Structure formats: structure tokens, C-alpha cells
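> These are the residues of each chain, in order.
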Amino acid sequence: MKNRIDACFEKLKAEDRKALITFVTAGDPDMDTTEGLVLEMFEKGADIVEIGVPFSDPIAEGGTIQRASLRSLKGGTDLDKIFALVKKLREKTDKPLLLMMYINTVFRYGTDRFFLNCKEYSIDGVIIPDMPFEERDEVKAQAEENGIYTIFLAAPTSHERIKMIAEESKGFLYIVSSLGVTGTRKEITTDFDELLAPLKEGSYCPACIGFGISNGAQAKKMASYCDGVIIGSAIVNIVEEHGRDSVPHVGEFLTSVRTALDG
Amino acid sequence: MSKTGRFGEFGGQYIPETVMTAVHELEAAYDKYKDDPEFKAELAELYRDYANRPSMLYYAEKMTRDLGGAKVYIKREDLNHTGAHKINNVLGQLLLAKKMGKKRIIAETGAGQHGVATATVCALMGLECEVYMGATDMERQSLNVYRMNLLGAKVTGVNSGTATLKDAINEAFRDWCSHIDTTFYCIGSVMGPHPYPTMVRDFQKVIGEEIKRQIMEREGRLPDAVVACVGGGSNAMGAFFDFIPDKSVRLIGAEAAGRGVDTDEHAATVAKGSLGIFHGMKSLFLQNEYGQIDEVYSISAGLDYPGIGPEHAYLHDTGRAEYLSITDEEAVKAFEYLSKTEGVIPAIESAHAVAAAMKIIPEMSRDSIVVINLSGRGDKDVYSIARYRGVELDEK
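Keeping their order, the protein sequence lines are chains A and B.
Just so you know, we're using the working numbering here: the first sequence kicks off at 2 and counts up by one.
Just so you know, we're using the working numbering here: the second sequence kicks off at 61 and counts up by one.
Incorrect hints may have been included.
[Said to hold, decoys possible] What follows is a set of in silico ranges between Cβ atoms, one per label pair, in the way DEER data are often shown:
{"hint": "1", "chain 1": "A", "residue 1": "204", "chain 2": "B", "residue 2": "380", "range": "48 to 58 Å"}
{"hint": "2", "chain 1": "A", "residue 1": "82", "chain 2": "B", "residue 2": "442", "range": "45 to 55 Å"}
{"hint": "3", "chain 1": "A", "residue 1": "161", "chain 2": "B", "residue 2": "419", "range": "22 to 32 Å"}
{"hint": "4", "chain 1": "B", "residue 1": "324", "chain 2": "A", "residue 2": "165", "range": "42 to 52 Å"}
Calculated directly from the structure, the hints in this document are not laboratory data.
In this text the structure is predicted, and so the values were computed from the model without any measurement.
Quick reminder that beta carbons are idealized off the backbone N, C-alpha and C, glycines included.
Start from the sequences, fold in the hints, and give me the full structure.
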């Protein structure tokens, strides 16, 4: 079977649209809300959803996702409960679902067992921010064997590394917009034309920009450099503010971003 | 599997892509300078004239008599400038940072010793310095916070997580991700992504080299055991490294058992930890079944860390080194014992090594020799030991 991420980008390309990829921390504030949020985000225009697996020490995250992780862990979230959530979601949606998680979560669960579960519960890909290209063999064999895509990150500092990383990345390449950790930013100043130039020669998977995108106008601008955008902290901020009542607020926000992206 | 910076299966470079180029830059600079005669001469001069090296190896005669077993020697890292072994590593890293043209230095600190050493050398070398410290640690080591300020460093409190050493490291990593071009991250122990565990050990191995030379001069033979405390493990790696090929020398690490390894309040990574990947390295960590890092506890802020350097994990795995767990109570008793017996007040971290040594010394013959690496002095701990003993001090 074709990976849902590939199918998604092919369809977007045919329609000449940009991908909108969104993130929520699983279990923040509870699993039922997360389920509602994922479905609402797909409903309001998300093409792919990343489900964040909370980690006690998320070194790549800014305050927003750190706090969300803590709220979720305090509520008792664990990886098995997240797989159970994915199972429920799969009864209602066939769109691409990713897990975003730290390498220790995969490793400690058991890399074989983890990817077998991903296959069983129809996860399409994983993003592991603390597993750089050099440590790809930590999961490569198990991921490929089970048909799970590993999406790698490239950063504004990746210049001469970006081709090598893009070749390894499956589904899409996650372009980190700015130096630093996740969190909304007023301004993104990276020279994407320069950063992404090496990928113009040859054929690579789609590239999507994330970290710091907080509104429709920013999303539209970032998408002009690549194939799509990833929005995380801006959504998690809404969840932090509205908790169990956040679903319609997130829906409203995504509608505005989708409209800007397609406009 | 990548073989870069591995000790057996331990080590590696598990860090976000944003800092990968900086780590490679550091690796290249370290490879270039580590055997450079000029760099080595500059560092040797700093060790001698600024840090007060070589540190003395002292024969603890009263302690030897009292314990009635092996002869006890104490390696006096507490007599280094800034009062601990931490200065060795900081002088090495910051000399390297200067060669690399970095102007801003960040560091994490637990007990404050690494922070103080970093602030000190930044003052010496004219570098901007920001130290991340857990809010809990700032409270129990307020003297060191003031000391860092005095030295011109900015101390930033960290309130996330347990507000201790691991959280300070998380925050320093986040800072590094944000200021990669200008900033050099001076890690305080033999941990983190490659090349840190190797580089920090290399800057600390002077301890073991000196011990070997000094004991050969005094006794004409190698010691039977070298004992050191282990949090991340830099003073222990420094003391052990030169003895690794000398199989007759037992290498003994003392880790913090807090209120006991069978309670939830300890930092005994070797005794109770499991294999994991965190803070850039594959090593042993205290964690739950889902890989969430445990909250750890020790009376000693410097040993209050849920992991251990990857080379220690390897030495443990191969059986080359042994690791003993020492409770708060045992450490405090050793703290008091060394003060009264030898007139040396040890850091509470180092008191764990003294306690471990006191367990093995009485069982050893009188012609055997034990070297305790006294990694730091205990002035900073007097308040907390008094509090532990129920004495309230007030200097107003």
C-alpha cells in the first residue's frame, strides 16, 4: 500500500495547493480532547497531523510545548494510551498521522515493538527531533521493515548537510525555520532561497517549514518557499488557553490559516 | 550504528540538527588542538600558574591508623583554584573556545562548582558568561550563586521539571540551539554528545596521571584502588583513565543513594538505571518503563543527576570499574569524619568517595594502598550539613 503521506503530497501537487501540517500534544488536557482536536483539524483543512508524544525533558521545545507535555504526563499519558488513541482515530479518518517523539521513548519501548505497533495502528511516519542524520541507524531497519516513514529535520545551520538529510528523509523534509526551539515567533529571518537552493537540483521529497509559524499570513509567506507549513505551538497555545473547550477555537484558527494558504 | 564517539554501545550524538554543525565544528577544533604543542603548553601553564597544579597527594596517616586497613592517600583536587576539579576541564574548554573565536560561554551547574569555575575562567579570559542553574539548586547553593555574580557571570534560574541539574542542562541546550553562531557550550561533566565525554575526560585525565606519578614517587608502586564520586562522572573519569590499562588497580565509583536505593529518592544510576538515550548520549539513566526520566534526589547537588557518562557505563559493563551506592547519611558521616580526622572538610560530593573508601579500606591488608580523589572542598556545604543535623546557622 502506498504511504498516506506520499498520496497526500501527490494530491496536493495535482491541486496546486500547499500542505498544512498541524501538531497537538497527546493527552493535553486529556485524550478525548486530543481525539476531538485531531478530527477537527482534519475537518478544517489540515492535511497531515502530528501527534506529540510527551517527554519529561523535551530539549527541542520552547515553553508552550514543555508545559503541554507536563500537563499531559501529569494526566497519566503514556505511549500505549497514545496507540489506543490512534486506533480510535483510525476508525474515523484515513488521513496521514505522524508521531512526534524523542528517541528515548522509542528506544525504551523497544524499537522493534514500537514500529510493529506503528504498523498495526496505521501510523504513517515518525519525527524524532533528537535523532540527527548521523544516528539514523537507531531506527532505520525497523522503520523500513514496517513501512513507517522517518521524517528528518534540517535547520538553518544545515547548509552543506541538507542534501544528505533530504535523501534520507521519507515523506517530506522538515525544515526548521529558525535557530532555537519550538514556539511562535514574530519574525522569521532565515534565507530560505539560499538554504533550500541545493534541493532545486535533483528530485527530493517535499519540504515543509515549521517552528514559529503563528498565523495565516506567516504560513502563506513560508509556504511560498516550499511545499507546506507545520504549525504546532500556535495550536498548543489555544489548547492551553481553552483546555477541554479548545476544539472550536482550534478549528476557527485553522480555517483562517487554510484560507490564507489557499488564497 | 554510527561509531562516532562510542564506548562500546554507549555514547553517540543524539542531538537536534540545529546544533549538529556546532558539534562538528567543536569536534574538528578539538581534533586540531588536542595534540598541538602550543595549545598543550598554554594549558599546562594555566594548570600550573592559575589552577595550582599539580594538586598534592596527601598521606592520611590518622585515617589509615584509625581504619586499620589499607594505607590511605588523598588526592587534593579541593586545593585547586575555585576549590574543585572542575577548573581543569573549564580551562581546557575555554582555551579551545578562544581558539575557535567564540565570545559567549554558557554552562550548566548543579552544586555550582562548574558554574563558578566557568565564571572564573570567563573573567580571566574576558568572555561573556551565562550559567543555567536549577532554582532548587540556587536555593541550596546560594553562596555559589553570589560567587558567580561576583565573577561577572549571569546566573539564570531554571524552574522547569525538577529545577535541578538535568533541567539546567535542558535549558543550556535550548540556549545553544538559539545562539549557535556565537556561543560555546562548556559542559561540566563527561556527558552529552560526542566529543564532550572524550574531551572532558581528556581535560580531567591530568588527575590520574598525577596520582600515578606521585604514588610511584612515594610508594614505588601502583595503588590497589582509586576511589572517586560519580554524578556525571568527570572527576572519576579523570582519576581512573590513566589506570584503566593497569588491571591490578581497582577503580571504584561512589554514586549517590540519597535516602536509599530502595526508596524513590536517590540518584544511583548504575545500581538502578537502565539503558536509554538522553542529553545526547546512549548510557544508563534512571527512567520509567516509557522512558520518562525520573526525578532524582541526593543531598549533594553535584550528584543529583539521573544519568552517567557513557564511558562509565562502558567501564561498568565491561567490569573494569565497580560502582557503590552511598546514602546521604553515609556521606554526611564521612564528611564529618574526614573533617575531624584529617582536618580536611570535603565537598559533600567527595564525601561519597570517602564513604565508599571507608567501606573497603578496613577489609584490605595494611600493605595495600587506596587513593581517594577528593574532588572538591566542603565550604559550600557547611550550611546544608548543619541543616541536615538540625542546626540552624544565622550569620546576621
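> State for each hint whether it applies.
Tested hints:
1. A hinted range of 48 to 58 Å holds for the C-beta pair residue 204/A and residue 380/B, which are about 50 Å apart.
2. For the pair residue 82/A and residue 442/B, the supplied restraint of 45 to 55 Å holds, since their beta-carbon distance comes to about 47 Å.
3. Checked against the given bound of 22 to 32 Å, the beta carbons of residue 161/A and residue 419/B, roughly 54 Å apart, lie outside it.
4. Taking 42 to 52 Å as the suggested C-beta distance range, the pair residue 324/B and residue 165/A conforms, at roughly 44 Å.
Checked against the numbered hints given earlier, the structure breaks only hint 3 and satisfies all the rest.
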